[in-house]
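Each chain, written out:
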Amino acid sequence: MTRYLIRRLISMIPTLLGVTVIVFLLLRLIPGDPAVAMLGEHASQENVQRIREQLGLNRPLFLDREALKQGDLKGFLDSQYIRFLGRLVQGDLGASIHRRIPIATELRQRFPATVELALAAMVVAVALGIPIGIISAARRNTWIDSLSMVGALIGVSMPIFWLGLMEIMLFAVILNWFPIGGRLDHAMEVRRITGLLLVDTVLTGQWEAFVDAVKHLAMPVMALATIPLAIIARMTRASMLEVLQEDYIRTARAKGLHQRLVLFRHALKNALLPVVTIIGLQTGNLLAGAILTETIFAWPGIGKWVYDAIIGRDYPVVQGGTLLIALVFVLVNLLVDISYAALDPRIHYE
Amino acid sequence: MKLLRVFTALTVGALLLGLIACRPTATPTTAPPPAATAAPTPVPPTKAPEVVRFIFGRGGDSVQLDAAIVTDGESFRVTGQCLEPLYQYEPGSTKPVPALAEECVPNEAATEWTCKLRKGVKFHDGTDFNADAVIFNFERWRFTNHPYHFPSQVFEYYEYMWGGFDDASLITAVEKVDDYTVKFTLAQPLAPFLANLAMDMFAISSPTAIQKYGEKYGMPEVGCVGTGPFKFKEWVEGDHITVVANDEYWGGRPKIDEIVWRVIPDDSARFLALKAGDIHATEQATVEDLAAAEADPNLYILTRPALNTAYLAFNYKIKEFQDVRVRRAVAHAINRQALVQNFYGKYGLVAKTFLPPLVMGYNDAIQDWEYNPNLSRQLLAEAGFPDGLSEVTIAEDVPDAGGNIVYKAGDKIPLKFYYMPVTRFYYPSPKEIGEAMAADLAKAGINAQLELAGDWPTYLSLRRNGLLMGLYMLGWGGDNGDPDNFLNYFFGGLSSEDEVKEPAGREGWYANQEVAVLLYKALVNPNPAEREALYKQAEQLLHDDVARIWIAHNQTPLIFSKKVTGYVPQPVGADYYRWVEIQP
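As you go down the protein sequences, you meet chains A and B in turn.
Numbering that gives the first Met the number 0 puts the first residue of the first sequence at 0, with every later residue one more than the last.
Numbering that gives the first Met the number 0 puts the first residue of the second sequence at 0, with every later residue one more than the last.
Same shape as in the complex, but just chain B:
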C-alpha cells in the first residue's frame, strides 16, 4: 500500500504541475537583483515600470562580446549595439559615414589620415571617449606585447584587415594631435581605409573596462562597455542577452528600452515562437516558414541587401580544368536561373560576377554565360572530350598539410562534385542545389560524382589545403562592403606590383597574375573612379578566364511582427536597432 500511496502522490503531483502551468499568464515582473546575504529569504517580486522590449530570436549564442577578438555574426549582432567604431556604414548601404569620428581626412598621398573625434561622448562606465581611448584600442590590437593583448586572444581581423601585427601592420602609428584629434600613419595608401575603420571589430571599447576586467572583458559576466545606443545588462549563456537603452547616447536615446536576443536553435521552433508572439523578429527561416510568413497578416518580411556570392570552384590541379574550354563548358551547363528560382525564390539574384551589384566596381556590362548544354558538349568536344567527361587527371602531386602526397601526378580519378555539408546564407540548401547542379552537368555530358567530404570543419580544412579535388561549392560574405574585400582576398594579396602571384591551395590553386596586379593597383589607389575601373577590368578578366562559376547572391530575409517598425537590416556591419519602435 505504501507504494501505491507513493505513486498516487507522484501522479497527483505531476497533474498539479500541469494545472499550475495552465493558469492564466502572469505579467512578467522584475525581481530585485541578487542580494549579498547568504541566507535565502523570500524575495517579493516588484512591478517594474512598463518596459518596451524588443525580442529578437536567433539560432545561436554569441561567442564573446569583445568585438576585437571574435569573428562570428552573432557576437557582432550584440556588440554593434553596445560599441561603436570611428566610422559606421550608412543605414541600408555599404558607404562609410562618420560615427565616433566627426571626419577623417587623408593627406595628398593618402598615407596619413587625421580624424576629428566627437566631443562630449562618454563610455557606458562614465569615462570619457577621447584620443587616448582610440590610441589605447588600436595599440592593444596591434602590439602583441601590449599588456592587454593577451596571448590567449586572437585579434584575427586586425591581422587580416591591417596586414599584420607589430611591424607588419599597415597602420604604423596612431598619434594624439590633441584630446579630440588622432592621426593614423599608413605604410602605404590604403583605399578601403574608412571601410575598414567602420567594421564592427574595430569598435572602440572603454580602456578603463579592459584594464579593470582584463581577459574577462567580453565574457558573459562583464559583456561590452562602449559608447553605443544600448548598454549591456545581462547574458544568460545559451538563453538570452539583454541590453538597455543608453539615456545619454550622443545620437539621441533609442525609442525602445531593451533589446533581448533569445537563442532558439531550431528554425521551425523559432518561427513558431514568432507566430505565438514570444519574439518580435527572426532571421534564417526555412523556405516553408517564409511562405507562411508571407501569407500571415500579422507578419512582414524585410530583406538584407545581398553582400554575398555563392560560387562553384574548380581545383586547378586537375589537368582538364586547366583548359578554359572545359571550364566554359561547365559554366554553360548549369542552369543558374532555375537554381535561383527553385532554391532562393524571390530573395535570390543570379550572380554574373563575384561582386554583388551594390558593391563599387560591379561590372554590369559583362555578358553572362547563357545556359546551353549543347554549347557545353561542343566545347568539350573541342577540348578533346567528345564523349563527355567522367574521369579526370591529376596534373601534379598534391600534398596534405603534413607534406604527404595525397594525389599523385598522372593519377586518374572520377570527377567529383563536393557539396557543402551545412547551410550558409549564400547556399540555402547546399545538398539539393549540389544535386541540381550535378544533374545539369550530366545533361551536358559532364558526369560528376556527388561527394560529401565530411562535416563543415573538415570541408573547410580540405579546401584550405586544396584537397577538394574536383568541383566544389563555397561562397563569400563581404566584411566591409569594399570590392577589395571580395576580390583581393581571393585573387590578389600582392604586396607590390612586381610580386608574383603564387597559386594557393585554399583557392583551388588558381592564380592570375594580371588580375592580381590590377587588384594591387586598386588597393593603393585612393581615387574612387579609377578604382572602380580597375575592379571592372579585373571582373572582366575573371569572367573571360571562367576562373570560377558565380551562382547567386542571396538577400537574406528577416521576418517581423507587424508591431515592429524602424528596423534597418544592413548589408554589412550590425543592423541598426535604435530606431525600432513597438506598437502595443
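Just chain A, with the same shape it has in the complex:
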C-alpha cells in the first residue's frame, strides 16, 4: 500500500504539470491584455509596456528560440512558463496583477471557505442520498420509490441559480430564518485556527458564532447539495438493485437472515463501490464548481474569485486557483481509490 501511495503521489507531478501547461496556454490564447485590464481605459502605451515588462508578459510563453540561436541558454529558458515554474518550486504562487496581493494570502483566506461549503454540502448529500437510495431499492416500485426518484430527477435538473433565489425568497425574506450572504455576521469575530468557521468556533468555544456560521451555511449548502444528493440517491438505488440480484444475496435470504441485515451488511458494502466513485467526483466538482452558489450567496470562496480573475485576465490568480483545484481533484481521486480497498477486500494495491 505504501509503495502504491508513493507511486500515485509521484504520478501526480506530471498530471499537475500538464494542468499548468494547459492553463498557461489557454489563458494566453484568449485575447485581452492583462496590463490593459489592470490599467484601465486611460492607460498610456508606455505604461502598458512598462507593466507588461514588469509582469514578464513581454517574454516568450514557453521557450525563447531566438535566444538559443544566439547561444544564450539563460535567455532561452527565460520564459513566462519557466519563470512561473521556478517560483512555484519555491512555493511562490506570485501576486494578483490587479490587487498586488500574494496569491497564497488570498488562498489562505478563500480556500477554507470553499472547502467548508463543499464538505458540508457533501455531508448532507451523502447523509440523505444514500439512505434514500437504499430505501428506494428496498421498496422498489412502491410509491416511496417513485417519490424518491422523481424527487431525485427534479434535484438533478434544478438550476442552482433559480433554486438559490427561491431559497433566499422563502427562508430569508419570508420566514427570516437565515441571513443572506457571507460566512458570519460582520459584527462577530472568530479566532482563525483552521479557517473552517464551524471547526474554529467549536475549538474556541464561541457557540454563538458557531450558530451564526451554521445559519450562514444553511442556504448555500441546501443549494449546493441538491445535485450531488440526487445523483448519489439514484446511483445508490441502481447499484443496490444490481447487487440485490446476486446469488449471495439470495443465499443470505435463504438462510433466513433479517432483511435489514441482508441490505446493510451484505448488499450495501458491495453496492457502495460505484457510489464512492461518484462521491469522489462530485466532491471535486463541488470544490471547482461552486461558483454559482458562491455568487448567489455571496460566499467569499475561490470560485467567484477565479471567475473574476479570468474576466480581468489576472493570470497568476487563475494559475494559482486552477492548480489548487487540480491538486484537490487528484487527491480526492486518490482517496477514492484507497477507499475501494477498504470497502472490497478483494482489491489490493501493490
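In case anyone wonders, no lab produced these hints; they're calculated from the structure.
Since the structure is predicted, the reported quantities are computational estimates derived from the model, not experimental observations.
A virtual CB, placed ideally from N, CA and C, is assigned to each residue, including glycine.
Take these hints with a grain of salt, some might be off.
Derived contacts from chain B toward chain A, CB cut-off under 7 Å, selection only [what the hints assert, rightly or not]:
| id | residue |
| --- | --- |
| 1 | Val-153 |
| 2 | Glu-155 |
| 3 | Met-218 |
| 4 | Val-262 |
| 5 | Pro-264 |
| 6 | Ser-267 |
| 7 | Ser-460 |
| 8 | Ala-503 |
| 9 | Ala-510 |
DSBU-like, lysine-lysine: derived pairs with alpha carbons at most 35 Å apart [as the list claims (entries may be wrong)]:
| id | chain 1 | residue 1 | chain 2 | residue 2 |
| --- | --- | --- | --- | --- |
| 10 | B | Lys-115 | B | Lys-211 |
| 11 | B | Lys-520 | B | Lys-175 |
| 12 | A | Lys-73 | B | Lys-215 |
| 13 | B | Lys-407 | A | Lys-68 |
| 14 | B | Lys-345 | B | Lys-215 |
| 15 | B | Lys-415 | B | Lys-318 |
Derived Cβ-Cβ restraints for the label pairs, each shown as a range [unchecked claim]:
| id | chain 1 | residue 1 | chain 2 | residue 2 | range |
| --- | --- | --- | --- | --- | --- |
| 16 | B | Phe-149 | A | Ala-341 | 49 to 55 Å |
| 17 | A | Ala-341 | B | Pro-420 | 45 to 51 Å |
| 18 | A | Gly-204 | B | Pro-420 | 47 to 53 Å |
| 19 | A | Ser-156 | B | Ala-291 | 35 to 41 Å |
| 20 | A | Leu-25 | B | Gln-377 | 47 to 53 Å |
| 21 | A | Asn-57 | B | Lys-121 | 42 to 48 Å |
| 22 | A | Leu-25 | B | Gly-213 | 41 to 47 Å |
| 23 | B | Gly-383 | A | Arg-82 | 52 to 58 Å |
| 24 | B | Leu-451 | A | Ile-346 | 48 to 54 Å |
| 25 | A | Leu-25 | B | Pro-150 | 16 to 22 Å |
Add chain B to chain A, keeping to what the hints say.
Chain B only, in chain A's frame:
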C-alpha cells in the same frame, strides 16, 4: 449494522444542524479581538454597546484602498470616507469646494495656485495634516524615483490628469510656503485645476502610514489612513469592509457609528437582502427589482445625477462612414426616445450632446436629430446608396497592435454592429439595446450584422486598436465633472494650438482639427464664461459632423430602506455618508 449507525448519525447530525439554524435570531455581538496567545481558549462573547451600523450592499469588492493607485469605483466608495482631497465636490453637484484646503487662489496667469490648508486636522494615526503631508503625497505620485512610488504600483490617474510623471507633469513644483500653505506651480494654465484636485485619487494619505507599511499600504491588512469622517476598521476579502466614525473629524462626528460595505455579487440576491433587512441600501438593481422597489412601502429610490453618456461610434476606416450624409442617415434612423423609454425607464435621458446637462458647456441650443427613417433613406440615396447599406469598404490598411494588417484597403466586409458584452451604468442592457438599434437601422435600409466581439477585455482591446470595424457601442462616465474630462480626452489631447490632431485607433480613427484646437483653448483658459462658450462651440461642431451618435445619459438609481435618511449620491466622487442616519 455499523454502516447503518454511521448513516443514522450523519442524518441526525444534518438535521440537528438544520434545527440549530432555525433557532431564533441571536443579537450579533462583538467578540474580543484575537489574542496573542497560541492556545485556543474559550472566548466569551461580550455585549457591545448599541452600534448604529449602516450596511451597504454592493456587487463587487474593492481592489485596494490606496486611492492613488486604483481606478475602480468600488475602491473609491470606501476611500472616499476615509481619505480627503484638498478640495471636494459640493454635495449633489460637480462644483469643487474646499475640503482639506480652506482655499486655493491662482495668480493672474493661473500658473500658480496657493492653497491655505485647514489647521488642527489630524490623520487617523494621530499625526498632523500639514504642508509636508501634502508635498509628500504629490511628490510620491509624481516622481517615479520617489522611495514610496513603488515600481509595482501604477499611479494611473496622476499621469492621466496631470499630464505625466517626473518632468512631463503639469504640476512642476509643490512648495511649502509655511506649515499650512502650499504653492502649486503649473507648466501651463490648467482650467480644471480645482476639479482635478477634488478627485478621489488625489486624496491625502498619512505619510507616516505610507512610510510604515510601504507597499502594503491600502491592502486588506492595513486599509487606508487619512483624515476623513470614518476610520478603517477591517476588510474581510470578498465579504465586507468596515469603517468606524472618526470622533475627531474636523467637520463634526458622523451620525452613524459604522459603515459596512457587504459584497453580494448577484443583483437579485442583493435586492432580496435589502427586502429581508440584511442590508440598508444597494445600487445596480435589475429593472424588475426597481419596479418592485418602487411598489414597496419600506423602500425608496434616490438617483445619482447623470454624469455619463452612452454612444454609438463609427469606425472611420470604413469609407462609407467618411461621408457625413451616411453618418446623418444612421443618426436619423435610431429611435432614441423609444430606446430610453424601454431600457432606461424614468432614470434615462435622451442624449443630444456628449456632455450631460449638469456639466458646464452643455449646449441646449443644439437641434437634436429627429427620428426619421425616411430621411435616412433619402440621405443614403444622396450618398449613392439608394438600395440601402449592407456592405462597407475598408478605406485604408488597418494593422493590429503587432503591426499585422487585419483589414486591407479596398476589402469589402459586411456592415457590423458591435454590441457591448457587459452591462455598464450607461448601457443597462447592452445586447437588447444593440438589437433594438440594429432593428431601427434595418427599417431605414441599413442592414448591420450584430456582432459579439468577445468578453469585455477583448472588446476594449479591439476598440483600443481601432479594430471594431463597423458601428460600436460604448460610453463614458466623467471623472471630475469638468467638460475637459469628457471632450478633450476623446476629441482633443493637443499640447499646443499648432499641433495636428492625429486620428487614434481608440477613437475609431476620428480626428477633427477645429474641435481639437477649441478644446485646447478651453483647457488653458481660466475664465469660466469663455470656457463655456468654447465647449458649446465644440459640441455644435461635433453635432454638425455627426462625429458619434449620442444615445442616453443614465441617472443610476440607488435603493434604500425607509429607515435610512441623509444619504447624498454624488454625480462625481464618492457619495457622502456622514449625514446618514438610521431610524431604529
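*Enumerated hints in conflict with the structure, sorted upward*: Per hint list: 8, 9, 14, 19, 22, 25 violated.
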